[in-house]
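Each residue of the sequence shown is one higher than the one before, counting from 1 in the working numbering.
The set of hints was computed from the structure by calculation and includes no laboratory data. For each residue, glycine too, the CB sits at the ideal point set by N, CA and C. Be a bit skeptical, because a hint or two may be false.
Unchecked claim - What follows is a list of derived Cβ distance ranges for each label pair:
#1 GLU226 x ALA262: 14 to 24 Å
#2 GLU226 x THR308: 19 to 29 Å
#3 VAL3 x VAL144: 41 to 51 Å
#4 TYR6 x GLU203: 37 to 47 Å
#5 GLU33 x LYS7: 30 to 40 Å
#6 GLN275 x PHE91: 20 to 30 Å
#7 PHE159 x GLY224: 20 to 30 Å
#8 PRO250 x VAL384: 22 to 32 Å
#9 GLU340 x GLU33: 45 to 55 Å
#10 ASN396 x PHE159: 31 to 41 Å
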Amino acid sequence: MIVQKYKDMLSGKSVIRQLSEFATARGAEIGYENVFDYSLGNPSVPVPQEFTDVMIDMLQNKNPMELHGYSPSLGITSVRAAIADSLKERFGIPYTADHIFMASGAAGALAHAFRLVTEPGDEILTFAPFFPEYNPYVNLTGAVLKIVPPNTADFQINFEAFEEMVNEKTMAVLINTPNNPSGIVYSTETIQKLAEVLTRKSEEYGHDIFVISDEPYREIVFEGVEAPCVSAFYDNTIMCYSFSKSLSLPGERIGYVAINPACKEAETMVVMCGQISRGTGHNCPPSIIQLAVSKVLDKTADLSVYETNMNLIYNELMDLGFTCVKPGGTFYIFPKALEEDAKVFCQKALKYDLILVPADSFGCPGYFRMAYCIDTEKVKRSLVALRKFVETEYPNR
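Let the hints inform the model, and build the full structure from the sequences given.
Structure below.
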C-alpha cells in the first residue's frame with residue numbers, strides 16, 4: 001500500500017511550479033522571449049569564471065578518486081575548515097571545522113536543523129511572508145510549523161503577534177533574511193529584539209529556543225542596506241546556507257549548516273547531523289563541488305543585475321500606483337495587488353503574458369511576488385506589458 005499523505009500532496013502542487021510550467025508551455029507557443037516569467041527564483045547570471053577555472057583545473061590535474069569518491073559523512077574536512085575560516089574572518093565568530101556540516105543546499109541544511117532541535121509535536125515559528133516549502137520541510141518531520149502574521153508596514157517582525165504565539169512547545173524560530181518573498185532585510189534592531197525575546201522566553205520555559213537562520217540570499221544585498229549576521233546576536237543560532245544564489249549554482253545542490261560556537265553543544269550537534277543524514281538521504285554531497293566552492297569563498301557571481309532589475313520594476317510599480325515596500329536584497333519584489341484577491345489579479349495578468357505569483361501560500365493574501373532574476377532587457381520589455389495590463393484592467397485605480 002502506498003503512503004496516502006504523499007499521494008494527497010499531489011493535489012497541493014506548488015503554485016510557483018504550476019505557473020513556471022504554464023510559462024514554459026506558453027513559451028512554446030509564442031516564444032519564451034515573449035513570456036514575462038516572474039515565477040521561479042532561478043539565478044539568471046553565470047557562475048564566476050574563477051569557479052569554472054577551478055573545476056577545469058581539478059578535472060585535469062586532480063586524482064579522480066578524490067574528486068568523485070564519497071566525501072566523509074560530515075563533509076570534506078579541508079572544505080569545512082575553509083568555510084569556518086571565511087565565516088570567522090567575515091563575522092568575527094570563532095567557527096572551526098567542527099562547527100560546519102556540508103549539506104545538499106539550504107534545503108538539505110534545513111532538513112538537518114529541524115531534526116536537530118525538535119521532536120514530533122514540537123513547534124517551529126516562522127514569520128509571514130515566508131517561503132511556502134517551509135510547510136512540508138517542517139511538518140513532514142513531525143514538528144509543527146506555526147505562522148506569525150505579517151507586519152505589512154515594512155515586513156520586519158510582528159513582535160506583538162510573535163510574543164503571543166511563543167509557548168512552551170516552541171523549540172525553534174525559523175527566519176529568512178534577506179527574505180523570500182518580500183526582499184526585506186531584517187534590521188539590526190529587529191535581530192537584537194528577536195534575540196532579547198528568545199533569551200527571555202528560553203528562561204521562562206526552561207529550555208533553549210533556537211534560531212534557524214535560512215540564508216541563501218545573504219550575498220544579495222543592495223547598496224546602503226545593512227545586513228546583520230544573525231549568529232552574532234544570538235548564541236543558539238543554526239545558520240543554513242547555500243551557494244545556489246551567491247555563485248549561481250542551484251543545480252549543484254551545495255550548502256552547509258554552521259552551528260554557532262557559543263551554542264552549548266555545538267560540536268555534538270554537527271556530529272548529530274551525520275546521523276540525521278542516515279535517515280534523510282541528504283548524505284555526502286558531491287565531493288568535486290565541495291572542493292570547488294572552497295576555492296572561491298570570497299567570490300560571487302555578478303549579482304549587480306538584480307539591483308538594476310529591482311529599481312526598474314520598483315520605480316514602474318510606484319508610478320502605476322502600487323503599494324510596495326522597497327526590497328533591500330534578494331531577487332524578489334512583493335507588491336500589493338490592485339484588488340483584494342491576488343489570485344484573480346494574477347490570473348488577469350496571464351492575458352498579457354505576465355507570470356506573477358499570488359502570495360496566499362506565502363501567508364500574505366492580497367500580495368504577489370515577482371522573481372526578477374531575468375535579463376534586464378526582458379525586464380524593460382515586460383514593463384510595457386505591465387503598464388498595459390494595469391491601465392486596461394484597472395483604469396480607475
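Hint-by-hint comparison with the structure:
no., hint, verdict
1, GLU226 x ALA262: 14 to 24 Å, "holds, 22 Å"
2, GLU226 x THR308: 19 to 29 Å, "holds, 21 Å"
3, VAL3 x VAL144: 41 to 51 Å, "violated, 19 Å"
4, TYR6 x GLU203: 37 to 47 Å, "holds, 40 Å"
5, GLU33 x LYS7: 30 to 40 Å, "holds, 38 Å"
6, GLN275 x PHE91: 20 to 30 Å, "holds, 28 Å"
7, PHE159 x GLY224: 20 to 30 Å, "holds, 25 Å"
8, PRO250 x VAL384: 22 to 32 Å, "holds, 29 Å"
9, GLU340 x GLU33: 45 to 55 Å, "violated, 33 Å"
10, ASN396 x PHE159: 31 to 41 Å, "holds, 37 Å"
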